[in-house]
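Student: Sequence:
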Amino acid sequence: MTPATSRRRLLAAVGAGTATALAGCSDGGGDPTYEDGEIDADGEGRSVEELIAAEGVAITSPHQSATALEAIKLREHEFVLEDGYLGSTVQGVVENTGDPIDIAEVRVRVYDDAGDYLGWYLARAGDLDGGERWSFTVVVLQAPTAIASYDIAALGTPS
Numbered sequence: 001m002t003p004a005t006s007r008r009r010l011l012a013a014v015g016a017g018t019a020t021a022l023a024g025c026s027d028g029g030g031d032p033t034y035e036d037g038e039i040d041a042d043g044e045g046r047s048v049e050e051l052i053a054a055e056g057v058a059i060t061s062p063h064q065s066a067t068a069l070e071a072i073k074l075r076e077h078e079f080v081l082e083d084g085y086l087g088s089t090v091q092g093v094v095e096n097t098g099d100p101i102d103i104a105e106v107r108v109r110v111y112d113d114a115g116d117y118l119g120w121y122l123a124r125a126g127d128l129d130g131g132e133r134w135s136f137t138v139v140v141l142q143a144p145t146a147i148a149s150y151d152i153a154a155l156g157t158p159s
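Read left to right, the sequence shown gives residues 1 to 159 (the UniProt record's numbering).
Among these hints, one or two may not hold up.
Stated by the list, open to error - List of simulated lysine to aspartate or glutamate pairs, EDC-like, C-alpha gap at most 16 Å: (1) K73 / E35; (2) K73 / D36; (3) K73 / D40; (4) K73 / D42; (5) K73 / D99; (6) K73 / E38; (7) K73 / D116.
No wet-lab data here; the hints were simulated from the structure.
No experiment lies behind these values; they were computed from the predicted model shown.
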């Protein structure tokens, strides 16, 4: 990673963290820890009709009370290129290892090959009991050819 790429990622992280704090998301457990992910897919972007459908299911606004929780564990994740309107996705599994959680949320930030931040996308589930696992799919609106990497974090809202 070049110094310019590191600086861009830092600026993207600071910008996202500032927006999160201002939205009230930093209450409780603090800022989430993001894991890096790799993009290993070539494919075409969505058609206009598919993009409209994807925009209807993609989540781009965080839940205001979601925060980093020790009990939420990101067990696995990978970039998956789906057919049809889903297109670029990040899929995986989150586990609640503690007390029941009202809302579990996964946040994915995507970057281009220069390390520039392209946006963030989310998936959300309600009522995750202790010991329960949730299989998530985050719909990413960028074409697979535009995305070089992503990072991901799991958050929650305690009951």
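Student: If a hint holds in the structure, say so; if it doesn't, say that too.
Tutor: Verification of the supplied hints:
1. K73 / E35: holds (11 Å)
2. K73 / D36: Holds, at about 15 Å.
3. K73 / D40: Measuring from Cα to Cα gives roughly 24 Å; hence the hint is violated.
4. K73 / D42: Violated, at about 29 Å.
5. K73 / D99: Answer holds: K73 to D99 is near 13 Å, not above 16 Å.
6. K73 / E38: With a Cα-Cα distance of about 19 Å, the restraint between K73 and E38 is violated, given a limit of 16 Å.
7. K73 / D116: Not OK: K73 and D116 at ~27 Å, beyond 16 Å, violated.
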